[in-house]
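J.: Each chain, written out:
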Amino acid sequence: MRLSVLLGGYLLLMATAAPWALSRIKSLSRTPRLGLALWQACAATVVGSAALLLLVKAPDNVSHRIAAALELCVHTGHRVYSVSGRGIVGSVALIAVLLLAARISIAAFRVSHASLSRRFRQRDLLALVGSPIAHERVVMIEDATPVAYCVPGRKSCVVMTSGALEALDNRQFAAVLEHERAHLSERHHLVVGAFDVLVSAFPFVTGFRLARDHVARLVEMIADDAAVRRFGTEAVSGALLRLGAFGPVGLLNAGGPGVFARVERLLDTRRASTLLQTSVAMLTLAILALPIVLVLMPAINPAAHGFCPL
Amino acid sequence: MAQLGELERVVMERVWAWNREVSVRDVLEDLQRHRVVAYTTVMTIMHRLERKGFLVRVSSARTHMFRAATTREAHVAEVMADAWSAAGDRQSALMHFVDRMSAAEARQLRALLEKPKRNSRP
Chain A
0 MRLSVLLGGY
10 LLLMATAAPW
20 ALSRIKSLSR
30 TPRLGLALWQ
40 ACAATVVGSA
50 ALLLLVKAPD
60 NVSHRIAAAL
70 ELCVHTGHRV
80 YSVSGRGIVG
90 SVALIAVLLL
100 AARISIAAFR
110 VSHASLSRRF
120 RQRDLLALVG
130 SPIAHERVVM
140 IEDATPVAYC
150 VPGRKSCVVM
160 TSGALEALDN
170 RQFAAVLEHE
180 RAHLSERHHL
190 VVGAFDVLVS
200 AFPFVTGFRL
210 ARDHVARLVE
220 MIADDAAVRR
230 FGTEAVSGAL
240 LRLGAFGPVG
250 LLNAGGPGVF
260 ARVERLLDTR
270 RASTLLQTSV
280 AMLTLAILAL
290 PIVLVLMPAI
300 NPAAHGFCPL
Chain B
0 MAQLGELERV
10 VMERVWAWNR
20 EVSVRDVLED
30 LQRHRVVAYT
40 TVMTIMHRLE
50 RKGFLVRVSS
60 ARTHMFRAAT
70 TREAHVAEVM
80 ADAWSAAGDR
90 QSALMHFVDR
100 MSAAEARQLR
110 ALLEKPKRNS
120 RP
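For the protein sequence lines, the chains are A and B, in the order given. To convert, note that position 123 of the first sequence is 122 in numbering that gives the first Met the number 0; the numbers rise steadily by one, no gaps. To convert, note that position 9 of the second sequence is 8 in numbering that gives the first Met the number 0; the numbers rise steadily by one, no gaps.
Rather than coming from a laboratory, the hints here were simulated on the basis of the structure. Please note that the accuracy of each hint is not assured.
Just a sample of chain B residues kept apart from chain A, beta carbon distances all over 12 Å, derived [claimed, not checked]: (1) ALA16; (2) ALA37; (3) THR62.
Computed footprint of chain B on chain A; a stretch qualifies when at least three of its residues, placed anywhere within it, have a C-beta under 8 Å from a C-beta of chain B [unchecked claim]: (4) 36 to 47; (5) 182 to 188; (6) 235 to 248.
Where is the CB? At the ideal position from N, CA and C, for every residue including glycine.
Can you make the complete structure from the sequences, with help from the hints?
T.: Here it is as structure tokens:
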């Protein structure tokens, strides 16, 4: 009984308070890769805890197996890992786990289908009216407005308008290319896509939306860093300013921090301290480990070992 | 495979240039002036282009006639419109270098760019 309360509490915490807290940690932008791992751990632990919470209410035969696997006395296993005597609750819990899995799977299909059809359309159009420039997989589109993006996937490519080519100098152009290539080589579309799936599967969990927005930002920072490593801060911030200033105008940016935040970040030369990096890494591991530790604690408790109160 | 893509471009360029209904044979004869290509190849290509929505089949008593679905410019515009609708949906289908700015933000950025550089160290 206590286990489910602990797990449930942890689940609520990680789904609501934790995302809010993480979004306040500004220094994550100094170590975007670790920051990304932290957000991913947070989301994974929410899903994992939900599944574990349901599984510990498993019906008799499942709890038998869990107890056997942990070499506990069957009775102790029963007490901790199942709702005693209530087979129906146990079965409902099992069904709930399956529903959880189904919901995620359906959302995954929906998101990837929408994504893929968009990408295929882009590729067809680009193959028809785009002009490959220079060497590998860079396509130009005749349009005065400076725009740059990449089409991820198997036949990935980077797209730039003729307007972008005019607006950027050689170094800035190369920096943008490097930024987009970083997205492609590190499969950022899958990283963000995973969060799209969670948002789609569980739209009532606002923590997932927050996570998705922050992960999208972190991923841009990671790509910016890759471009800075090769072409320097000036080229990248120059490109950001020019494409932002002369690019297409849209509705008021609801969540995006936009160009200013990214340029400010690049100009901030403070390094991520070892302390910061270690803390983030430890926090990530702790978040992932905690629900597992909670579940295994009765097993760790020495009094339960080999002692069957018959 | 890349050759097939190249041929698709060539066929569409011809159809756009002619700006009328064309048959497979029309296109085939034109292509054969510069390259070796079979009727079935051209037919496959034109059916593919139809499937992709770039050509429209025109019902005709005699042979299959096709015409361009729309102009080249319209397709170029479609690329851009499509690229931004993906971003608007908060979908990660494409990854833009920068998001669309609001008019105010764009103005501020332009002001920043016009400011002369204070420290012009190399």
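J.: When I compare C-beta atoms, does the region 36 to 47 of chain A have three or more residues closer than 8 Å to chain B?
T.: That given contact is violated, which follows from only 0 residues of the region 36 to 47 of chain A lying within Cβ reach (below 8 Å) of chain B.
J.: Taking 8 Å as the C-beta cutoff, is the stated coverage of the region 235 to 248 of chain A by chain B satisfied by three or more residues?
T.: It holds: at least three residues are needed, and the region 235 to 248 of chain A offers 11 whose Cβ sits within less than 8 Å of chain B.
J.: Evaluate the condition: distance from the CB of ALA37 (chain B) to the nearest CB of chain A exceeds 12 Å.
T.: Its Cβ never comes within 12 Å of chain A, the nearest being 22 Å, so this holds.
J.: Please check whether the beta-carbon of ALA16 (chain B) is more than 12 Å away from every beta-carbon in chain A.
T.: 14 Å, holds
J.: Would you check chain B against the region 182 to 188 of chain A, counting CB to CB pairs closer than 8 Å, and say if three or more residues qualify?
T.: holds (count 3)
J.: Beyond 12 Å from chain A, beta-carbon-wise, is THR62 (chain B)?
T.: 24 Å, holds
Checked against the numbered hints above, the structure violates only hint 4.
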